[in-house]
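Trainee: Note that the protein sequences, when read in sequence, are chains A and B. Going by the working numbering, the first residue of the first sequence is number 871, and it counts up by one from there. Going by the working numbering, the first residue of the second sequence is number 17, and it counts up by one from there.
Worth flagging that the hints you see were computed from the coordinates, not collected in a lab. Please read all numbers here as calculations on a predicted model, not as lab measurements.
As a list, the in silico BS3-like pairs of lysine-lysine whose alpha-carbon atoms are at most 30 Å apart:
#1 B:K313 with A:K1405
#2 A:K1033 with B:K313
#3 A:K1228 with A:K1149
#4 A:K1403 with A:K1418
#5 A:K1195 with A:K1069
#6 A:K1365 with B:K313
#7 A:K906 with A:K1041
#8 A:K1064 with A:K1348
#9 B:K291 with A:K975
#10 A:K1403 with B:K313
#11 A:K1041 with A:K1023
#12 A:K1405 with A:K1161
#13 B:K313 with A:K1152
#14 B:K313 with A:K978
#15 B:K313 with A:K1418
#16 B:K291 with A:K1388
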Amino acid sequence: MKKIITAVALCCAAMMAFAGCGEKDDRTANSVEELKDKYGYQWTDTSKPILNETGAKELSFHIYSSKNASAKDYSDMDIMQTLFKQTNVYVDWENVSESIYGEQKLLKLGKHDGIDAIYHAGLTSNETSKYGVDRGALLAISDYLEYMPNFKKILEARPDIKKQVTSIDGKIYSLPRIEEMGLLQNPNLLFINKTWAEKAADANAVTGLTKDQVKDGLELTASQMEQLLTYFKNNDMNGNGDAKDERPLSFVWNNWQGNQCDLYGMFGINDNLEHRIIKDGKVTYTVLDDKFKEAVQYLHTWVENGLIDSVSFEVSQDNFLAQGKGTGKDEKYGAFYWWESETVVSDPTNYVCCKPLKGPNGEQTVCVSNNPEISTGEVIFFKGTPNVEVLLTYFDRYYLPEISAQINYGPIGIAFEEEKDNGKLVAKDPPAGKTTDEIRLENAPLGLCYLSGDVWNTTVEMEPRAKLRLERLEKYAKPYVPSTVSPVPNLQFTKEELNTLSRFQTTVDNYLRENILKWLRNGLDDATWAEHKTKAVSTAVGIGEVQKVYQAAYDRYVNGN
Amino acid sequence: MESKLLQAETAEASGVGVSAEAAAEAQQSKKESFGTKFKNSYFARNFKRNWSYLLFLIPAVVVTFVFAYIPMYGLLIAFQDFTPGDSIWGGYWIGFDNFSAFLGNYAFWGLMWNTFLLCILGFIIGFPLPIIVALMLHTTRNKKIAKFLQTVFNGPHFISLVVLVGMLYLFFGRYGLVNNIIESAGGERYSFFLESGAFRPMYILSSNWQDFGWSSIIYLAALSGVEQSQHEAAQIDGASRFQRVLHVDLPAIMPIISVMLIMSIGGLMGVGYEKVLLMQTDGNIGVSEIIATYVYKQGLTAGGLGAGYATAVGLFNSIINLLLLIIANTASKKFSENSLF
Chain A
871 MKKIITAVAL CCAAMMAFAG CGEKDDRTAN SVEELKDKYG YQWTDTSKPI LNETGAKELS
931 FHIYSSKNAS AKDYSDMDIM QTLFKQTNVY VDWENVSESI YGEQKLLKLG KHDGIDAIYH
991 AGLTSNETSK YGVDRGALLA ISDYLEYMPN FKKILEARPD IKKQVTSIDG KIYSLPRIEE
1051 MGLLQNPNLL FINKTWAEKA ADANAVTGLT KDQVKDGLEL TASQMEQLLT YFKNNDMNGN
1111 GDAKDERPLS FVWNNWQGNQ CDLYGMFGIN DNLEHRIIKD GKVTYTVLDD KFKEAVQYLH
1171 TWVENGLIDS VSFEVSQDNF LAQGKGTGKD EKYGAFYWWE SETVVSDPTN YVCCKPLKGP
1231 NGEQTVCVSN NPEISTGEVI FFKGTPNVEV LLTYFDRYYL PEISAQINYG PIGIAFEEEK
1291 DNGKLVAKDP PAGKTTDEIR LENAPLGLCY LSGDVWNTTV EMEPRAKLRL ERLEKYAKPY
1351 VPSTVSPVPN LQFTKEELNT LSRFQTTVDN YLRENILKWL RNGLDDATWA EHKTKAVSTA
1411 VGIGEVQKVY QAAYDRYVNG N
Chain B
17 MESKLLQAET AEASGVGVSA EAAAEAQQSK KESFGTKFKN SYFARNFKRN WSYLLFLIPA
77 VVVTFVFAYI PMYGLLIAFQ DFTPGDSIWG GYWIGFDNFS AFLGNYAFWG LMWNTFLLCI
137 LGFIIGFPLP IIVALMLHTT RNKKIAKFLQ TVFNGPHFIS LVVLVGMLYL FFGRYGLVNN
197 IIESAGGERY SFFLESGAFR PMYILSSNWQ DFGWSSIIYL AALSGVEQSQ HEAAQIDGAS
257 RFQRVLHVDL PAIMPIISVM LIMSIGGLMG VGYEKVLLMQ TDGNIGVSEI IATYVYKQGL
317 TAGGLGAGYA TAVGLFNSII NLLLLIIANT ASKKFSENSL F
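With the rest of the complex left out, here is chain A:
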């Protein structure tokens, strides 16, 4: 017994000892002058090494990072080795799985023994503000901008990015990932079954629709769409003998893409999942607009008549995608919203991409989503890291176009051909048995990069899928967004504002989620709408308070914090 007690006691003591003292940092901190003298530190010429050979041997940094399951360890990745050769900065990667990182994230932020920085940190702006401004655990990168020529250039060229990464105290605590393809703002496109629509035109079921109109760019009014969907619903379109298995119009309710928001566009509402947009410089809730009521009342008839199948409100994305598979007699979808037809249906050539529907009052616009293409909080650094200037210069290199492309898609030699075409990286065909996606997941660390505007034209080509989608968006979505409407950017909130938000956010979400679906399914009368308009902005729900907070934060954003 005594032995056991002693053993237990010893174990406890040992555990406490381990917990008590972390790794001891025996690296010496050097001033910039010393770094220059001893290790040849330079940051101005972005094509030359940052350190000399001695620096490569003597300085090291420990970076904590999550990685996706199929990726190689970052230390083994070609691009990381290339970077080491080019910069002479030795980085020791500690990779953990994404789920482990999810558990460890806050712990590591609180107590970061021996970790100099976190890559793929995924900090929300609230977290950045908490650990940077309030707790002072994060390094203020903005104090070191002179050592980061590329990042500095980006900030100068793009004040909007600067505003989004700058915390409430005017400092920058994290490096952003910027991959701007212009794809995220409009997450929906309307696709219509070509064969079925032609049948409907043959049968003269739709006023004014002729067979040769059924091609990409088809423009339908709300009443034409209604006739078309009714025809889909009442007839055995796929010819399998069952007139009930056709689904006239499908989408995934409240999904980040392929959602219901575009339907409200028929009434001039630029809806999104938060129902929050910037209109004429004001933070606006679409659900307070009387047009929203009209839209709901109109769409309710579609739901009631089964033109929008109720299954759209309850299924997940996976189920939606699975139901779309099958050709000929197994085809089920008459029309659907998604960001491309290729992933949804087996035969995408049989589906035409349409312009937004034209409403009864002639309005024609689309959803404007709040998915930012700039993710802040991608890499953060801890205060007290010795020689942190070197590390910052190292990560600054990630923003070079050619490095960015390799970080995002995979290294030259694997994802790209060794030979460039007019200075442009050329995508390499994947080896037999592997797909481009697999190659990318395995060899690209993703994360920190700057791929935007010119870079797409001068350094790297977009993937074909992205190109096709962009082409369609340019034709069928972007022209229909009024210039006075824009998504809500990444905003920075003060502590009081955050408290207000967290007090009301869940209530507002639940209130809207519950009511919007209820109205759509059960109908909405004018009295209920009037009651909703007063109730929603009162403190009982809190849209008014949330709107005020967003307006204040947006005003600061516009006026440069």
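Based on the hints, put chain B in the right spot on chain A.
Mentor: Chain B only, in chain A's frame:
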């Protein structure tokens, strides 16, 4: 040596030789200069006599202490603006702010009502069901069938929550089995997951379906202790099978029933968030938002009030449960002889 000791103890316990031992002990303790009073107390004598039995308690006490009492210091974070990784003594004390934020929330009464209703309905159906099943299984004359049925009833208990909810979606989804049957019978398809009226029945019945067999085990165990002679006596008196169940079996398991009743009332408000969250849709969120799911959203996901807030609401919930437990226990003490403590 050990067996001897055991024998001696058994002898002591059964009262043989107690007097001699006790006298010797008493004399010894008189000689000692301090603590005499304690040594002579009932507790001390009892302890000395039974110490070896008490030894068996040690593992249970240690485990309870280490895993149930020591972690309680974590409750302190209910009074802090705490984020994981902070030291618990790190300061960031905010007093009762977390509690007032919750109690002052507009959603508070709705959440309480939803939680209460979901639990109480589940309790009303779920509590008597296993008792009835146990009594029925016990009275079944063919023991082979009884055993078989018991196995069948226990089966669903081993289905994991996620799989269970997946099954619900498959069976009760808009294009699921149930709706296909309804349609072929000429009815309209019904969206079980979108109608708020369907949420509670679906949740409660599926939970009870999963657990009634499992919960009946304890009553079956109690029933197996009913003496056969009582049944025989009742049979001679001409009692029917139903009368025997009512007047022999049921009274015999009454103490167990009341203990189980007190315990389930104590856990009444302690419904977990997992299953509710899995079954939640925009259509039923009005009735399916309960304290636990709200805390999960507000405290642990995007809401951002954080761990302190979640702990505060959890603590609040536990206090309600404790109060319910005490009330149930007191009531049970008053009206019957059975009580938990």
